[in-house]
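Peer 1: For reference, the chains in residue letters:
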Amino acid sequence: MSANLEWPLRRRVWVTFLIVPPLAFMTAFVVVPILSAFVYAFYDWQGLKRADFVGLRNFLDVLGREPWAATTWRAFGHNVIVFVTLMILQNGFGFLLAYALSRQLPGHRFHRVAVFLPVILSSVIVALVWKQFLHPVFGLLNKTLGLLGFGAVTTPWLGLSETALWALILVNAWHWVGFPTLVFLAGIQRIPPDIIEASRIDGVTEWQLVSRIVWPLVAPSATVVFILLFIGAFNWFELPYLMSGLEGSPYGSTDVLGLFFYRTAFGNQSSGAQDFGHGSALAVLMFVFIAAVSAVWTVRLRRREIELS
Amino acid sequence: MSRAAAHHAPDHAKGPAAGAAALLLQILLVANSFIMIFPILMMAAFGFKSTAEIFSKPFAFPDLTNLKNYVTVLVETNFFLYLGNSLLITGTSILGILTLGTMAAYGLARYSFRGNIAIYLFFLAGLMVPLKLAVIPLFIQMRDLDLLDSRLGLIIIYIAMGLPSAVFILTGFLRTLPSELEDAARIDGAGDARIMWSVMLPLTKPAMVIAAIHNAVPIWNDFFFPLVFVQTDARKTLPQGLTAFMGEYTTNWGVLFAGLTLSALPITIVYILLSKQFIQGMTSGAVK
Amino acid sequence: MTTVRTIVAAAAAALWAIPMQASAGELRFWSWRNEDKAVYAELIKDFNAKNPDVKVTFEGFEPQNYATVLSTALAAEKGPDVMMVRAYGAFEAVAKPGYLLELNDQNVPGLSKFPEAALKAETLRSDGKVYAVPFASQTMLIVYNTEVFAKNGVKVPETWDELVDASKKLKAAGVIPFANGTATAWQNETIVGALLSSMLGKQFEADILSGKADFTDKRFVDALAKLQALAKDNFAPSYEGIDYPSSQQLFSSGAAAMFAGGSFEAAPFLKANPALKLDVFPSPAAKAGDQRLVAQYFDGGYAINAKTPNKADALKFINFLASKEFGDKFANQLSNISPIPGVAFKDPILAKVSELNKNSMSYLFLVHFRYQEPSGSVLEQAAVQKMLAGKQTPAEAGAEITKGIATYFAPFKK
Chain B
1 MSANLEWPLR RRVWVTFLIV PPLAFMTAFV VVPILSAFVY AFYDWQGLKR ADFVGLRNFL
61 DVLGREPWAA TTWRAFGHNV IVFVTLMILQ NGFGFLLAYA LSRQLPGHRF HRVAVFLPVI
121 LSSVIVALVW KQFLHPVFGL LNKTLGLLGF GAVTTPWLGL SETALWALIL VNAWHWVGFP
181 TLVFLAGIQR IPPDIIEASR IDGVTEWQLV SRIVWPLVAP SATVVFILLF IGAFNWFELP
241 YLMSGLEGSP YGSTDVLGLF FYRTAFGNQS SGAQDFGHGS ALAVLMFVFI AAVSAVWTVR
301 LRRREIELS
Chain D
1 MSRAAAHHAP DHAKGPAAGA AALLLQILLV ANSFIMIFPI LMMAAFGFKS TAEIFSKPFA
61 FPDLTNLKNY VTVLVETNFF LYLGNSLLIT GTSILGILTL GTMAAYGLAR YSFRGNIAIY
121 LFFLAGLMVP LKLAVIPLFI QMRDLDLLDS RLGLIIIYIA MGLPSAVFIL TGFLRTLPSE
181 LEDAARIDGA GDARIMWSVM LPLTKPAMVI AAIHNAVPIW NDFFFPLVFV QTDARKTLPQ
241 GLTAFMGEYT TNWGVLFAGL TLSALPITIV YILLSKQFIQ GMTSGAVK
Chain V
1 MTTVRTIVAA AAAALWAIPM QASAGELRFW SWRNEDKAVY AELIKDFNAK NPDVKVTFEG
61 FEPQNYATVL STALAAEKGP DVMMVRAYGA FEAVAKPGYL LELNDQNVPG LSKFPEAALK
121 AETLRSDGKV YAVPFASQTM LIVYNTEVFA KNGVKVPETW DELVDASKKL KAAGVIPFAN
181 GTATAWQNET IVGALLSSML GKQFEADILS GKADFTDKRF VDALAKLQAL AKDNFAPSYE
241 GIDYPSSQQL FSSGAAAMFA GGSFEAAPFL KANPALKLDV FPSPAAKAGD QRLVAQYFDG
301 GYAINAKTPN KADALKFINF LASKEFGDKF ANQLSNISPI PGVAFKDPIL AKVSELNKNS
361 MSYLFLVHFR YQEPSGSVLE QAAVQKMLAG KQTPAEAGAE ITKGIATYFA PFKK
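These protein sequence lines are chains B, D and V, in that order. Its first residue numbered 1, the first sequence is counted upward by one per residue in the numbering used here. Its first residue numbered 1, the second sequence is counted upward by one per residue in the numbering used here. Its first residue numbered 1, the third sequence is counted upward by one per residue in the numbering used here.
Calculated from the structure, these hints are not laboratory results. Check the hints yourself; a few may be wrong.
[To be verified] Pairs of lysine-lysine, DSSO-like flavour, derived with a Cα cap of 27 Å:
id, chain 1, residue 1, chain 2, residue 2
1, V, K271, V, K129
2, V, K96, B, K49
3, V, K151, V, K352
4, V, K271, D, K57
5, V, K155, V, K168
6, V, K232, V, K45
7, B, K143, D, K68
8, V, K120, V, K202
9, B, K131, V, K352
10, V, K329, V, K113
11, V, K212, V, K202
12, D, K132, B, K49
13, V, K271, D, K68
14, B, K49, V, K171
15, V, K212, V, K78
16, D, K276, B, K131
17, V, K171, B, K143
18, D, K57, V, K171
19, V, K232, B, K143
20, B, K131, V, K391
21, V, K232, V, K169
22, V, K78, D, K132
23, B, K49, V, K129
24, D, K205, B, K143
25, B, K131, D, K132
26, V, K324, V, K45
27, B, K131, D, K205
28, V, K45, D, K68
29, B, K49, V, K307
30, V, K78, V, K316
31, B, K49, V, K311
32, V, K226, V, K171
33, V, K358, V, K120
34, V, K271, V, K226
35, V, K212, V, K271
36, V, K55, V, K307
37, B, K131, V, K232
38, V, K329, V, K55
39, D, K276, D, K205
One chain only, chain B, in its complex shape:
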């Protein structure tokens, strides 16, 4: 600790006392584990014991050799779908809702609390409730559709490979849409009112106002929301695990990297064998991918913010 040398000893001790314990804690339980994952991925593992150094083998296996590679790439593809769809659905709709809320129409306080309500609930509650609601025969969704005369479109949403992933994505959007909404709302509320007032006097349409003035000005909020969604989408685990199981049922159509990582590392249902080598390799690849993309993307988005403002 490089405390200021001009300080009296007592202050140096004091500042050291303040900084070192939290720093040591972070190092011990965040930095060391992350770095260890990189090391572990280069070894073969026998249960919880580290065995031979195998170089890049684990990485090459999960990226290019069966029985891993096909699953890795399929799962990655699903993560991409999840991310892109949620970008449009969750963030796009969130922005729209935020704009609506910013108009301070009657009842806006209530709507603000309502849109955020699912956000505070555990994924476990959300997943299990929606799993029952999506039940093909007794589920609330199909019952409602039947009641409204749409009986023909009812389907086993979580049972068909065509619909299962989309159902999970929609549930995720239901769960989280309040988050981008309120972040965007805070961004919109920071726009000086005279800017909006002035443009209205200039006679711009509602759409022009939203797309040319409001959207560019909330760009800083957008950056954070985009990055957080990106990280979340590529770490996706709870919802698919609880709603479609460890293997991404039906037949892998909801399999994502988070599930594949978990069952590789800690074993699937039919064999509880751990494979920490391949598991670590997957984790490292996911980590590097997430870190690299978010870093590059943050820089680009920040540049856009500057251009827009």
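Using the hints, position chains D and V against chain B.
Peer 2: The following block gives chains D and V in isolation, referenced to the frame of chain B:
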């Protein structure tokens, strides 16, 4: 909409086009709130029904005096045990996060020294780290510390996970406090520790509340780390315990929904009472 | 680093003194059968009548997490003293690293008198030693509602064609012929075992093991094709979305007439609806006169942690778990087919299952192909689930399974 009315409208809308837009937006908000709240109300309503009633008359108004399912959850499952664990784990973690977070933030915000910015950035980098991906090394580490299948193991992980955001929120706030306060206390002869404890920290409470909520909600709701680290029933948290008893009552939907409702209840009540702080807390970090 | 660890560990120990290892005279007993907790409590009481100084604590876990939880705990030296372990491949995952105590006639007198197939399920292939007392076998067959059959004038089918006719008749009468659905992955394995064993035949099993046939074999593909056709019209409505609990519900409520499942189904059905009248029949044959088979496997065994500090007490308890006294109660109260020699089955269904077991083949994928990844069970479940959803042909399903197993199973490598 008349000109006079438009003049008083808070959104400064002008003319019929703006009125139509406002109407559309209003419809959007009402529809959205319905979609957000209706499933939650149905969940609670199903808790008052028998499985047969849920299947045959899902939309019928429930008999609110039928508490059978709720009683089953409270009496026959380990609901209170899980609730207690969740409270203990979340509470202790928040205490740890705030203690360590305040120490670091205070040191970084109120003293300038060589390496200050580097350390601040070090904490900040932690904000973007998905700790889930380090679960294998954490697992080995917890085994070495003999903390697998323990609540303390979880608490340590949660503190590590929460520290960066707490440092970020608290440093930002502490930097805004005027140094005159400090100087005045120093002239009165107060030492560094006394100034921090008696002068500055009482002023930091609002930021601490934000940092606490920001971390308490994800910790309270977490499923992943208990799934990996805790096996013994007596140490399970509420979300994890919920999946265990879902397994026991798979075919009794009434009890399932009662269990889900009861699990959602504590945090929902607190949220409705403190919605402003919740929203501020959970979006802090994203909102500057 | 080490200092930090030491400090944290010391603090942890001081603040959180939770007793982890049971002390002398106490045994922690782990199981994946949470629903059997009450009966085990009674059985433990029986044990305590003779061994009053040994305290046994039953701890139940979710079945789908049990394998992971157990092997993780054992690896971390946090395991229980006595535990239920699975059989075959999943058993080896815990036996191979040396976590379990070897059992033999010296420490468990009479162990060698257990049926050979039962002991084989709990034997480590590499050293030929037994590490667990087998507790039950499960049999895949068809459970049916006798009242629904009688009411609709349906006879118990013996051939596949009769089964198809019976299903048609039931469906015409507004009854769901089969309660089964495919949304829960492992259900796709039980469905195949319960319905297709007679058509596959024992010779098929032998040919698979010798490498003479693989799963692209005509016998397997044809049987799958028949299953696909049957499921389409006769499984639960929107069966792709029906999970195991929903299937159970359909059957126990009387809405469905048959359930292709295991001998373990009967007890929960009767618990959910005590008025239900049940019986079982083995998978139908391709043509009249062919041998009727059920698919059988051993579920698991009771094992001792090799590192237990209470070896003597654990052995006392294991010997109790291997006794006829225990077996009788275990079989009749929990409706299990106990392999303990001399156990009598009072329950008529249980007695019938035990009779049917005399003509059985292995529950193929679980018994033979769970030793390596990708496990045959995972492959079969995904392939059949996909096939029953109409997303691939029986031939493609067979090829997919074969391709996965061929990555480690020498007889398939060509």
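Peer 1: For every hint, state whether the structure bears it out.
Peer 2: Structure-based check of each hint:
1. K271/V to K129/V: violated (38 Å)
2. K96/V to K49/B: Holds. K96/V to K49/B sits at ~14 Å (cutoff 27 Å).
3. K151/V to K352/V: Holds - the C-alpha atoms of K352/V and K151/V are around 23 Å apart, at most 27 Å.
4. K271/V to K57/D: With Cα atoms ~25 Å apart, K271/V and K57/D stay inside 27 Å; holds.
5. K155/V to K168/V: Judged against 27 Å, a Cα distance of about 12 Å means the pair holds.
6. K232/V to K45/V: Measuring from Cα to Cα gives roughly 49 Å; hence the hint is violated.
7. K143/B to K68/D: Satisfied, since the Cα-Cα distance of roughly 25 Å is no more than 27 Å.
8. K120/V to K202/V: Status holds; Cα separation ~18 Å.
9. K131/B to K352/V: Given pair K131/B, K352/V is violated - Cα atoms ~38 Å apart, limit 27 Å.
10. K329/V to K113/V: The given pair, whose Cα atoms are some 19 Å apart, holds under the 27 Å limit.
11. K212/V to K202/V: OK: K212/V and K202/V at ~13 Å, within 27 Å.
12. K132/D to K49/B: holds (21 Å)
13. K271/V to K68/D: holds (19 Å)
14. K49/B to K171/V: Answer violated: K49/B to K171/V is near 56 Å, above 27 Å.
15. K212/V to K78/V: violated (45 Å)
16. K276/D to K131/B: violated (30 Å)
17. K171/V to K143/B: holds (23 Å)
18. K57/D to K171/V: holds (25 Å)
19. K232/V to K143/B: Holds. K232/V to K143/B sits at ~23 Å (cutoff 27 Å).
20. K131/B to K391/V: holds (23 Å)
21. K232/V to K169/V: holds (15 Å)
22. K78/V to K132/D: holds (23 Å)
23. K49/B to K129/V: holds (24 Å)
24. K205/D to K143/B: violated (49 Å)
25. K131/B to K132/D: Holds. K131/B to K132/D sits at ~24 Å (cutoff 27 Å).
26. K324/V to K45/V: holds (16 Å)
27. K131/B to K205/D: Violated - the C-alpha atoms of K205/D and K131/B are around 41 Å apart, more than 27 Å.
28. K45/V to K68/D: With a Cα-Cα distance of about 31 Å, the restraint between K45/V and K68/D is violated, given a limit of 27 Å.
29. K49/B to K307/V: holds (17 Å)
30. K78/V to K316/V: Status holds; Cα separation ~21 Å.
31. K49/B to K311/V: Holds. K49/B to K311/V sits at ~25 Å (cutoff 27 Å).
32. K226/V to K171/V: holds (18 Å)
33. K358/V to K120/V: holds (17 Å)
34. K271/V to K226/V: Given pair K271/V, K226/V is violated - Cα atoms ~33 Å apart, limit 27 Å.
35. K212/V to K271/V: violated (45 Å)
36. K55/V to K307/V: Holds, at about 18 Å.
37. K131/B to K232/V: holds (24 Å)
38. K329/V to K55/V: holds (20 Å)
39. K276/D to K205/D: Measuring from Cα to Cα gives roughly 16 Å; hence the hint holds.
Of the numbered hints stated above, those contradicted by the structure are hints 1, 6, 9, 14, 15, 16, 24, 27, 28, 34 and 35, listed in ascending order.
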